[in-house]
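For chain A, the structure is supplied; the task is to place chain B on it using the hints.
Chains A and B are the protein sequences, given in the same order. The letter at position 342 of the first sequence is residue 342 when you use full-length UniProt numbering, and the numbering goes up by one with no holes. The letter at position 164 of the second sequence is residue 164 when you use full-length UniProt numbering, and the numbering goes up by one with no holes.
Watch out, some of these pointers could steer you wrong.
When chains are identical, the list treats them as one kind, so a pair holds in a single copy or across two.
[Unchecked claim] No more than 35 Å apart at the CA atoms, straight line, and that leaves these computed lysine-lysine pairs for DSBU-like:
1) Lys321 <-> Lys20
2) Lys20 <-> Lys316
3) Lys144 <-> Lys20
4) Lys144 <-> Lys30
If you are wondering where the hints come from, they were derived from the structure by calculation, not from laboratory data.
Now for the letters of each chain:
There are 2 protein chains.
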Amino acid sequence: MGLVVQKYGGSSVADAEGIKRVARRIVDTKKAGHQVVVVVSAMGDTTDELIDLAQEVSPIPAGREFDMLLTAGERISMALLAMAIKNLGHEALSFTGSQAGVITDSAHNRARIIDVTPGRISAALDAGAIAIVAGFQGVSQDSKDITTLGRGGSDTTAVALAAALGAEVCEIYTDVDGVFTADPRVVKKARKIERIAYEDMLELAAHGSKVLLHRCVEYARRYNIPIHVRSSFSGHTGTWVQNQPEGGEMEQAIISGVAHDTSEAKVTVVGVPDKPGEAARIFRAIADVELNIDMVVQNVSAAATGLTDITFTLPKAEGRKAIDALEKVRGGIGFDSLRYDDQIAKISLVGAGMRANPGVTATFFEALSNAGVNIELISTSEIRISVVTRIEDVQEAVRAVHTAFGLDSETDEAVVYGGTGR
Amino acid sequence: MGLVVQKYGGSSVADAEGIKRVARRIVDTKKAGHQVVVVVSAMGDTTDELIDLAQEVSPIPAGREFDMLLTAGERISMALLAMAIKNLGHEALSFTGSQAGVITDSAHNRARIIDVTPGRISAALDAGAIAIVAGFQGVSQDSKDITTLGRGGSDTTAVALAAALGAEVCEIYTDVDGVFTADPRVVKKARKIERIAYEDMLELAAHGSKVLLHRCVEYARRYNIPIHVRSSFSGHTGTWVQNQPEGGEMEQAIISGVAHDTSEAKVTVVGVPDKPGEAARIFRAIADVELNIDMVVQNVSAAATGLTDITFTLPKAEGRKAIDALEKVRGGIGFDSLRYDDQIAKISLVGAGMRANPGVTATFFEALSNAGVNIELISTSEIRISVVTRIEDVQEAVRAVHTAFGLDSETDEAVVYGGTGR
Chain A
1 MGLVVQKYGG SSVADAEGIK RVARRIVDTK KAGHQVVVVV SAMGDTTDEL IDLAQEVSPI
61 PAGREFDMLL TAGERISMAL LAMAIKNLGH EALSFTGSQA GVITDSAHNR ARIIDVTPGR
121 ISAALDAGAI AIVAGFQGVS QDSKDITTLG RGGSDTTAVA LAAALGAEVC EIYTDVDGVF
181 TADPRVVKKA RKIERIAYED MLELAAHGSK VLLHRCVEYA RRYNIPIHVR SSFSGHTGTW
241 VQNQPEGGEM EQAIISGVAH DTSEAKVTVV GVPDKPGEAA RIFRAIADVE LNIDMVVQNV
301 SAAATGLTDI TFTLPKAEGR KAIDALEKVR GGIGFDSLRY DDQIAKISLV GAGMRANPGV
361 TATFFEALSN AGVNIELIST SEIRISVVTR IEDVQEAVRA VHTAFGLDSE TDEAVVYGGT
421 GR
Chain B
1 MGLVVQKYGG SSVADAEGIK RVARRIVDTK KAGHQVVVVV SAMGDTTDEL IDLAQEVSPI
61 PAGREFDMLL TAGERISMAL LAMAIKNLGH EALSFTGSQA GVITDSAHNR ARIIDVTPGR
121 ISAALDAGAI AIVAGFQGVS QDSKDITTLG RGGSDTTAVA LAAALGAEVC EIYTDVDGVF
181 TADPRVVKKA RKIERIAYED MLELAAHGSK VLLHRCVEYA RRYNIPIHVR SSFSGHTGTW
241 VQNQPEGGEM EQAIISGVAH DTSEAKVTVV GVPDKPGEAA RIFRAIADVE LNIDMVVQNV
301 SAAATGLTDI TFTLPKAEGR KAIDALEKVR GGIGFDSLRY DDQIAKISLV GAGMRANPGV
361 TATFFEALSN AGVNIELIST SEIRISVVTR IEDVQEAVRA VHTAFGLDSE TDEAVVYGGT
421 GR
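Isolated chain A, as found in the complex (with noise of 0.2 Å):
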């Protein structure tokens, strides 16, 4: 009967309808004697419909004030939930990040937590009354400018809040009954995972699985605090992130599950002289213009020409501008040309059990032959297998992954509630 904290997505909120249900939710969480606190996003579209605004008013709008804008989102969103759960009886006090203690950087749009000082929160409980806390923001150190978290920063939020107030779970309500060993959208036959532990959920957040952001989870397992995900419009067990025990009761699944990401390009850098400090250099021009780079993949030199092929992906988002780059550069690393390739999609098995199965690659990689899919890349880390295809092959893939794999549930269980947004 500890503190609970509860985080409800953009799509849980979306209207006031919505608003009144997770009301209902969180005034049942009180009545079953937990102490509640609750982080929100903003409802539905608005924080699209914001940077629409500022778009009208300017091309490339400040960060400071960007955040300010932003911001407005989650006000909403909290007031109206504080409001809806009072209707109900309860107490409840809406509190922004900067009031809620959320100390961060001052990297406007993308700022880090770097402290949680939540006395307010604290004060709130002890009164009686339920927290609600706008996710997304906080204050930064040094200026007190109000900051934002950036993309998925409400569950980083609520996991921040669930650390610095000792809370025994972190709930993260969203519009599917928890993780899955598949995107629902693409294999009907997709299980809910019941446990996951945090390094197999950091790699299925990292490929491609959108239910929970890397960040989050990184966050979560530094403080040791169980995530609980799951939906919002059932009333349905989600699936638990949290620590595997060593050797524990839990039987540890061989493979957590596949994602796939089709965001990414590739670039390959085509002739590029095969000596000492080549590849450092390309991998330089990139990291100057602040480029994040995910699979990079050199193939062996032809002994004939003295040259190499050198390929990475990378948000395709990013791909002009590491095309600029690069461009720039080839008078001195004297490569041949470029390539680029939209047309990409990266699907990856995730598993802390395939370490001690080195079956694991050579049925990933049937599964793919038998169902015509042709391999353009593979990247491999000791708890995951990542290959490139094809993006008109990625549903195929999956499935055939899904089903090699055993992870076919009898039934097409998998439902996603509300929209696609959070």
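Leaving out everything else, chain B in the frame of chain A:
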């Protein structure tokens, strides 16, 4: 070339185009060598939309949460305005009421400003920036909760900041060219008033002129801040509201203008025993439910019955509450009946010059009589005469009085630029 505080209402920043137009005007003021502090209201109908949302989730929203909700409106407009200014190449920083040091009492939805500590505004100005401040909002001294100032709050924010910062003028931008001798929507030949004394403006504001609210003018008078009311749509000089120099350069106008108000209702308590203390008991009952009444008239008692009638006016929205309160004390006081009439209008003639002109009242009543308008109630102050008439006579009455006092302009000069909102 001193400090100028400018306030822009919701109709001036109703959309992206409006925000860009206002941004250009602000930059022009800055280029003319002024330091500029801008107070901005929520965009267009934003506040009404937020109120509707609140009603959907809770029939009687809590004050604290309601304020948290409403303040999102200015947050959006001020951030967009700062972006638009920066896009024109000038530094601008937006500040919430709390950040701007607007300290209030804890009366949510109708907080009073009790202190202004604009340290961050001064710092922004010293750094050469334009400061954009959210109107209508502050932070409570005791609980550090977000508060709103109620109706006309943004104008009050502007005047309060002007006073705290020692501004040379507070410019209030609206959708008309200034204060007119009558509502230009009713009287086509209404003239713009060039200069008006605080006390005349207070009477106009109290009796139906909507350009400036009483509270803001009162604040300006107390701190002797000149207000310049003007249009954000035209470049015209507007109306200066300031101290009237005693026997100074200005010839004092006999009449400043004609105000009208159709928002009130009339309550008559019929058959009140005409003995000491009865009126007091009636108005104590009204005061106990926190109603503000306006005009009060007691008829001469009819000698035969020893009974009298007491009539008062109050905002229509509070009519139900007044009737309920009076019905409760009916037995104790022993009056006959209550009459409620919301089909009335109040027409007020305002001018400091009428003090020394005994013919004003006669001219006023003659004008109404000639127009066939019946007078139901009369109330006067030293610089104002108000009458209550049938609501259907109001336009005719205002025009007749306007003409009778020689206020008509040669041309139809009044222009209303934007919507009707502020």
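Here's how the hints hold up against the structure:
Proximity of Lys321 and Lys20 under a CA criterion of 35 Å is satisfied inter-copy only: 30 Å between copies versus 45 Å inside one chain copy. Taking the closest pair of Cα atoms, Lys20 and Lys316 come within 35 Å of each other only across two copies (32 Å); inside a single copy the shortest separation is 38 Å, beyond that limit. In the homo-oligomer, the alpha carbons of Lys144 and Lys20 lie at most 35 Å apart both inside one protomer (33 Å) and across protomers (27 Å), since each shortest distance falls under that limit. Proximity of Lys144 and Lys30 under a CA criterion of 35 Å is satisfied in both settings, with 33 Å inside one chain copy and 26 Å between copies.
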